[in-house]
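Number of protein chains: 4
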Amino acid sequence: MTERFDVIIVGGGVIGSSIAFQLSKRNYKVLIVEKDKLAGRASSAAAGMLGAQSELENNSPLFEVARQSRAMFPALADELKELTGIDIELMQNGILKVAMTNEECTHIKSISAFQQAVGEKAEWLSSEQVKEKEPSISDSVLGGMFMPNDGQVSAPKLSIAFAQAATVLGAQIFEYTEVCNFLIEKGHVIGVETVNGKLYADETIVAGGAWSTQIMKHTGMKLDVYPVKGECFSVRFKGRLLKSSIFSSMGYIVPKAGGRLIIGATQKPYTFDEAVHLGSVSHLVNNAKKIISSLKDAEWDKVWAGIRPQTEDGMPYLDKHPHVNGLSIATGHYRNGILLSAYTGLHMADLLEGKEVNTNFCLDRKTIKGVHA
Amino acid sequence: MTERFDVIIVGGGVIGSSIAFQLSKRNYKVLIVEKDKLAGRASSAAAGMLGAQSELENNSPLFEVARQSRAMFPALADELKELTGIDIELMQNGILKVAMTNEECTHIKSISAFQQAVGEKAEWLSSEQVKEKEPSISDSVLGGMFMPNDGQVSAPKLSIAFAQAATVLGAQIFEYTEVCNFLIEKGHVIGVETVNGKLYADETIVAGGAWSTQIMKHTGMKLDVYPVKGECFSVRFKGRLLKSSIFSSMGYIVPKAGGRLIIGATQKPYTFDEAVHLGSVSHLVNNAKKIISSLKDAEWDKVWAGIRPQTEDGMPYLDKHPHVNGLSIATGHYRNGILLSAYTGLHMADLLEGKEVNTNFCLDRKTIKGVHA
Amino acid sequence: MTERFDVIIVGGGVIGSSIAFQLSKRNYKVLIVEKDKLAGRASSAAAGMLGAQSELENNSPLFEVARQSRAMFPALADELKELTGIDIELMQNGILKVAMTNEECTHIKSISAFQQAVGEKAEWLSSEQVKEKEPSISDSVLGGMFMPNDGQVSAPKLSIAFAQAATVLGAQIFEYTEVCNFLIEKGHVIGVETVNGKLYADETIVAGGAWSTQIMKHTGMKLDVYPVKGECFSVRFKGRLLKSSIFSSMGYIVPKAGGRLIIGATQKPYTFDEAVHLGSVSHLVNNAKKIISSLKDAEWDKVWAGIRPQTEDGMPYLDKHPHVNGLSIATGHYRNGILLSAYTGLHMADLLEGKEVNTNFCLDRKTIKGVHA
Amino acid sequence: MTERFDVIIVGGGVIGSSIAFQLSKRNYKVLIVEKDKLAGRASSAAAGMLGAQSELENNSPLFEVARQSRAMFPALADELKELTGIDIELMQNGILKVAMTNEECTHIKSISAFQQAVGEKAEWLSSEQVKEKEPSISDSVLGGMFMPNDGQVSAPKLSIAFAQAATVLGAQIFEYTEVCNFLIEKGHVIGVETVNGKLYADETIVAGGAWSTQIMKHTGMKLDVYPVKGECFSVRFKGRLLKSSIFSSMGYIVPKAGGRLIIGATQKPYTFDEAVHLGSVSHLVNNAKKIISSLKDAEWDKVWAGIRPQTEDGMPYLDKHPHVNGLSIATGHYRNGILLSAYTGLHMADLLEGKEVNTNFCLDRKTIKGVHA
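Residue numbers (the working numbering), protein chains in the order written: chain A, 2 to 374; chain B, 2 to 374; chain C, 2 to 374; chain D, 2 to 374.
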């Protein structure tokens, strides 16, 4: 282990793997160190929506890069397929944000107006138009905004494809290698100390999701990133129950490849406990049946949970450490880690190369209220 | 495969395996032929209640043998442990049959009176006494009958232990060996034709659960046994949520070893489809929460389904074939296969040896209305 | 279940599902009846090689349709992706047939010559050229024939995609629905009797793999199809160990998406037992290490087995029943079910529509020695 | 989380859970904090041998407590069964240590003499006697020492039973709760800081297996405990292949309940990586077949790995922290964690209560060469 790397990336989730992929493409000698298995936590738990418009409703710096990141996926899907054989199951099938109350109608119509004003497709559909588009939807849906450019991928496949593509381009991956501390010499991080020994690199990037906060404490930094548990379940349906993903205040229903549907998600802050509770299953099932009653005939598949990294203002941190050289951070993507992974890989690679990057995600920004997804 | 057996048992579930065990103890050369994996269907799906009193409420031939079978389990548990190392997780922790309405109170009290009259313990408990016994039970429970002698085992472990004990005593087991037909010579069954070839024995016993009806058609018999699907789920709880099993008109909750609880079960007749539907999960979850609201904090474990063999009068068939020699049948145990397995093994072994057996389970009995569990 | 279908297909494996897909495209009302789960047996067990040249070496009717079927996959992959979202993981990465002895060199060179003569790419590579192409290959490999047009798909995904595509086009699927007999009226099959009841259709096609023989017995036919068990295992490798699939007399190694490699397969005739034995694992592992010694550093994934349907002359049966109307059969694809599935769907759809089809796969053909793969 | 505990135990493996059980019996308010799932690592990976004589051959302090711990299991099995319903599958079926070479014969005979001298049963058996006792053993075994008082339990069940028993007695368990640091006030540990917040207790015990070294670094201690990976696999056999466990220089074969056999184990120091490599499977399989050739007919079950905590002198550390109050440690049990868990629970409970304990496992002992198992 006296091998020296250009960049060590701490965290083998979708963010760390995307960065590893971009850096490997630029011929850096990259190592991912992951404390457990690759893509074992939030990255595999996500429903995989590319909800640039459905998740980030308002004008904000995040809305901009979300659309930018969404636009990268078609080329990315081809590139990852070519390198790894893995299809990330990109579907550009739109997301339909439905209103269940009059208040929601009003609110969603205003978002629709805003998004159209900035040039996005975001048509308001009446109750009848919704039923025409998605006949399985319940009569209690009063209308909805259809965003044809939002889509989805398979979250586990995207994460694994990024990592595997990086290795095909020369990167290495050490699983089961928890980082215990940074190796710091004259104010410069020169590597990491892990349970399996010391590892050296010119640059270190922490992409540890909600776990990043603990890692960064070793530098004295109090990172404003906290965990939010999300519980989900999935069912299987023969034939095609939905064409697009459905997004509502009561949760989402995402039709995946082969007739599987993912239904989520609860939001339980301040816990890393991945247990799925019976009360949550009950809540999710009852809500989903209100939106599509014929779901009751679907076949039960499974339940799971993921721990998302949230920040106070709802925007990720993509920046260099303020006072330790050779150390950067990329986390806080909350429910948008899959969507923003494409952008984040580029942003971090540019940052390391000293190129100019979007400064909205720096660590010392003023917190912007209202972006919270 | 020119080896000749004393007895071939068609079906490697709990009934076939119990018969194999008893016959092996009596030194017969036994072969179990199972079309898939041992204990792969209903036998592993059962909650494992030994509900002699809770399931068979009224005076009937079945009530008698149910109690007789229940009494065999303590010795059986020791015997199977000794031979196989498998603990069948016998718990003699009682079953509490709760009333949710006034009508149910009246009904259950009358059962309690009857069962006490025939010498069983079946005490009526007031709402307060129920809460004292099981503090987690909901206030909407109006009272209940406690049957301390009812208990439970692990259904999968019992089934596998019977089969493994039989092999330790010399029996053979062929898995993935579907029976296609009987080999009949001069009106006598001399073996079976399977997908893997012909197998010969002096006696053949069909113990194929709900699948027995199809097998028996080859002899021209129209067996009155039909499938009833039961869907279940389980959760995990740290500590002890319940001391006894809870039985109600809305389903049952059975506390298993290590804090696991099994909650069941739906009853969907005339299907072999083992898919678990979302509507069933929703139904079971909502009912269970009405009985014990703190279940909402339990950790989700899994769902499954089993196909139980039901008969018109609710009693099993344990008899020789009426006009083909060398062929017997043991099926139709519906929700009581685990409970009745102990008795059934003895009954069938005695039947084959020409001993006198209880004639209530013969094939040509008059159907007795009202036994239906 | 009084609904009437145009075509009932008995068997939900890759062959039945491909036929269902083609018939659904031609607007027939199709029903698949499957005794267990879709694609639950051999179809999911296959390594997925499209080995038109590697498996079918010699000039034979099968070699012709194998190449024809292989050529259909690129368009099929697009079509299935569009309808179902499922990527069948088609890789046109070639198969390298390696020689471990001088005898094998001679033999493979002669095949190479023959295949080139009929217009296929099948270049002989020296030991050095093999190492250059696939650096991980062992020095004990003496040379090999590279067939760039052979490729592979994911067998489970292809099977499920066919079935799901059929349902999107209107087909129905009944799982856990074992067929017990045919419904025959005046010498014409009008449907099937299943464990879940009777089902009616104008035409019935048996596509039950190795299980077809038993089903056909109900018509008095002695179908010459027998089971051959194949045991496999898989490993995971970070990065790309192989570019192409390796085929040898000692087994094959197939690189799948994401760094997984499938290694197979044993050949054990006359059994439906899907158990994988320790001796087989040992045999497969030791052989694989002889071909690629660095496999020892790969991560263990899992083992499984599949039951392939073999015929006396090694060619499938794709034909109408000789003396019962309304009944056809499509089975006997042995190790080439995935490869031939594309062709078989078309063949059977044409056969039902009364179009002219290749007669080499008829039931009353003279057995051709030497085609046996 | 402002609740205050008497004792916090860091680590929910077999050691931490045994301590929690003993302390709960003594009415302390106990909390287990576990970074992942209970018994998720080495504790569930162990084969479960109670090899007091087979593992600890020579006279040493560990040999003494190993025998003491072994003697505790019968009563413990009953106690855990009563509290939790879990059977720990205690089998007192002996361990047979076999010799494959003349050197091993000489060596094992000398151990046999020593063990008999100190009053243990440890009979030397000739090759013929070995075959008589275990007919399946290969002819290449030259003899062996039979230790009838060594036995085994199910490692995962023991671990879960300890934890569940503790909760029944009032203990709490927080899973997914990684400890980041200790809370220290005036040189006294008053609790732990975890990813889910701060937790307070009068006493803290670290029982984190191989992970303990990292945790203890927060107190400035350089704990001499390092990881040793062990890879295993298991098979299933119908009937009884072995009566006793077989132990050899080439690995062990342990017959578990229901015909399962565990075969292990590799020893790879200095890694936490739980991947099982193909080369290890190959090695284990080939060795096992040399000892029992009929294993080749057993059905493959699965593979796994565990990370054992080893120390320089091969003995565990069971002691208070030398200069921080309120903090103790219990780790370093290497391959004997299951066997020593019973003793360790008592030792640590006594230590916390200020009772006199065996001082051989203190932190500042002189390293004793030669105990290394």
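Be aware that one or more of the hints could be misleading.
Remember, identical chains collapse to one label, so a pair may be satisfied in a single copy or spanning two.
In silico DMTMM-like pairs for lysine to aspartate or glutamate, Cα to Cα no more than 20 Å straight-line [said to hold, decoys possible]: (1) 218 with 194; (2) 187 with 203; (3) 297 with 79; (4) 82 with 104.
I should point out that these hints are in silico values taken from the structure, not numbers from a laboratory.
Outcome of the hint check:
{"no.": "1", "hint": "218 with 194", "verdict": "both (14 Å within a copy, 12 Å between copies)"}
{"no.": "2", "hint": "187 with 203", "verdict": "within (13 Å within a copy, 39 Å between copies)"}
{"no.": "3", "hint": "297 with 79", "verdict": "neither (36 Å within a copy, 32 Å between copies)"}
{"no.": "4", "hint": "82 with 104", "verdict": "neither (44 Å within a copy, 39 Å between copies)"}
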